[in-house]
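Single-letter residue listing:
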Amino acid sequence: MAGLIGGAAVQDWPRHLSTLSPSTLQVISGLEERRLRTALGETNAVAVASPFDPFAALEAHLQVQPKTANFEMLPGDTRIKPFRTAPGQRRIQTCANQLHFSAARFRLPARWPQYRWYVAGAFGVMLVETLTIMALWTQRTRRRSAEAGLRESQQFMELATAAAGLGWWGGDTASGELRVNPRLRSLFALNHDQPVRWEDLLARVHPDDRARAELAQQRVLRQGGAFEFAGRLRLPDGQERWVVATGLAAQDAHGRIRRAEGVVFDVTARHQAELAAQRHRNELRHIGRVHVLGQLSSTLAHELNQPLGAILSNAEAAELLLQNNHAPWDEVRAILADIRKDDQRASEVIQRMRGLLQRHEMELRPLTANELVAECIALARPDAMERKILVESVVMPDVSRMRGDRVHLEQVLLNLLVNGMDAMHHCPLERRRLMVRVERGGDSTVEFSVADAGAGIPADQMDRIFESFYTTKPTGLGLGLSISRAIIEAHHGRIWAENNPAGGATFRFVLPAAEDQK
Amino acid sequence: MTPAATIHVVDDDASFLTAISRLLRAGGYNVRTFSSAGQFLARPSPDTPGCVLLDLRLPGPDGMELQAALAKADNPLPVIFLTGHGDIPTSVRAMRCGAVDFLTKPVKQAALFDAVRRALDRDAAERRARSRRAQLQQRYHTLTPREREVLPHLLAGQLNKQIAGDLGTSERTIKAHRAALMTKLAVGSVAELVRFSQELGVQPRGGSE
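Those protein sequences? They're chains X and A, same order as listed.
For the record, in the first sequence the residue sitting at position 255 is 254 according to numbering that gives the first Met the number 0, with numbers rising by one throughout.
For the record, in the second sequence the residue sitting at position 13 is 12 according to numbering that gives the first Met the number 0, with numbers rising by one throughout.
Excised from the complex, chain X in its bound form (with noise of 0.2 angstroms):
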């Protein structure tokens, strides 16, 4: 029997070696010789590597031993075609007539499990790859409609805010850069296509407001949270724009903050209309103040005759007594002395009349409660007297200083004043006595009242008084006691009305005391 075996059989031929037929000769075609050392091993058969061919094998093997009868094919990975074709018999029937060819048994080699692990391994790595691929596959996807999900999130926030008329800003506050709705742009005045930076919006800030917007900027990178800031801007043509910019910054699981965002609206118009109504308030407690002066006017006027009469006899006279050559020196020097004191006097009705007079803004400086009082009742006297009512007032010097307008806090004292004066027209004369008192009040307020001795308000105008356009008063303008009120409740105070036990009335407000004060 002879052996012939394929290129890829000689691998495990020397295994089986002993098992298919250790005394049978053997001719093995095909073996290559790189392979001829680790093929052979430890066998004790002689090799000469040869191409492979079947054929050629078989009539090598049939020249040495010339008496095979029975040739047996065991196929492996060659294919048994070529032997099975009519060619095919016919070549191995010329070489070998003799010989009983029995090709019939083919049978696979069992390589299963030698190739097993293989592959289940190569099974494996398929299934840990397709399942890698799966896994990231979803996680793309995922991301994908996260990404998407905040396109549209940003998307829908870009159209609100440009629908709402709302710059709109975010982004990474590490890079520092920002991404920016064209609203916003317009509002910074910055171009279109310039990338934004924090120090670019910061720039646009006026001067004035800066240092404060660094600040909420910084506070808000650093501590996270939500942020504000009010203030104006100032664009390169030198427009100035109020805006308010609202922001929040957002931390990540580790506290850090990563992302920031917000929007800034443009409050202008706002702005400018609040401005017009301050000026419209301001016009129309200057007018209150003209009216409660113009109601004092004619004692007013009184009070500065009188110094500017005795100014005009004091210098006819001296005229006079010059005309006379023995003129009496020493009582031409009392002349104009008292010329320089009277002239003095006039100018200061005039300073205090001139300052309710005027166009004011209001603003809060230290004054105290005394110098208030005596200031007003010192304009207030002429008229008081002129009407026969005596005005006495009771100050406390320790709880006097407080912050206000004086000009408008005059004015409200000034109207309470011209009120109870009026409220006593019609009193007995031994009646008519207005009182002004200041006093501590509790939580370290100071407490203004004027207390007159007329009728009172009758029940049922109690809450209307401090309305406007209401009055009781034929030649009113139902504006005094509600300019008051504004007056005093932008002071942070209050104002009300009472009726006497024993009849009149008392109007109080309550102010602040300074914050120095005991």
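Treat the hints with care, since some could be wrong.
In silico lysine to any residue, SDA-like type, Cα no more than 20 angstroms apart, as pairs [stated by the list, open to error]:
(1) A/174 - A/192
(2) A/107 - X/300
(3) A/71 - A/35
(4) X/387 - A/59
Honestly, the hints are just simulated from the structure, not real lab data.
For chain X, the structure is supplied; the task is to place chain A on it using the hints.
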């Protein structure tokens, strides 16, 4: 202008009081100053020629009230009002109450002296009228009751006969009364008698009204 005239100045403003009195003194007047109506009333002035310069607005009784009080006196001094602010109703009221003038501060020397001069002229005239009236009064008091009774009838232009009829006496008696009356009152004619009676305030009575 009477050299010895005294101007009484009432003003609560000390500075103005000093100034105006300096001016008046320089103008040759005697000046007395008062800071309130009460003070003025408390210090009665001697009955010498003069006038009162009154501030309208005074503590206590004001100028107008003081003027009213002065008017009730036997020998009222003419009043000039001086005020820091004069409105028309006040000035009308003051003038109606007999004020010589209503001046506003600051007052010019010329206006002041002019008003003072007129006030003093009025004072002098009033003094003359007062003394004449006193004289007439004195003469009137010398009349007998019957003569005083006859006087109004004479003033009404009645004839002696009519008067005798009204009074229930004879024409002759009336004639005698008439002669005595004319002598006592020192008048020469009925026309003079009428003027005299007007000054005294005796009203005609009876007869043909």
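Hints, verified against the model:
Among the hinted pairs, residue 174 of chain A with residue 192 of chain A is consistent with the structure: their alpha-carbon atoms are about 15 angstroms apart, no more than 20 angstroms. Under the criterion of a C-alpha separation no larger than 20 angstroms, the hint pairing residue 107 of chain A with residue 300 of chain X is consistent with the structure, at around 17 angstroms. With a CA separation close to 19 angstroms, the supplied pair residue 71 of chain A and residue 35 of chain A stays within the 20 angstroms bound. Straight-line distance between C-alpha atoms of residue 387 of chain X and residue 59 of chain A comes to about 8 angstroms, which keeps the hinted pair within the 20 angstroms bound.
In the structure shown, no violation is registered for any of the earlier numbered hints.
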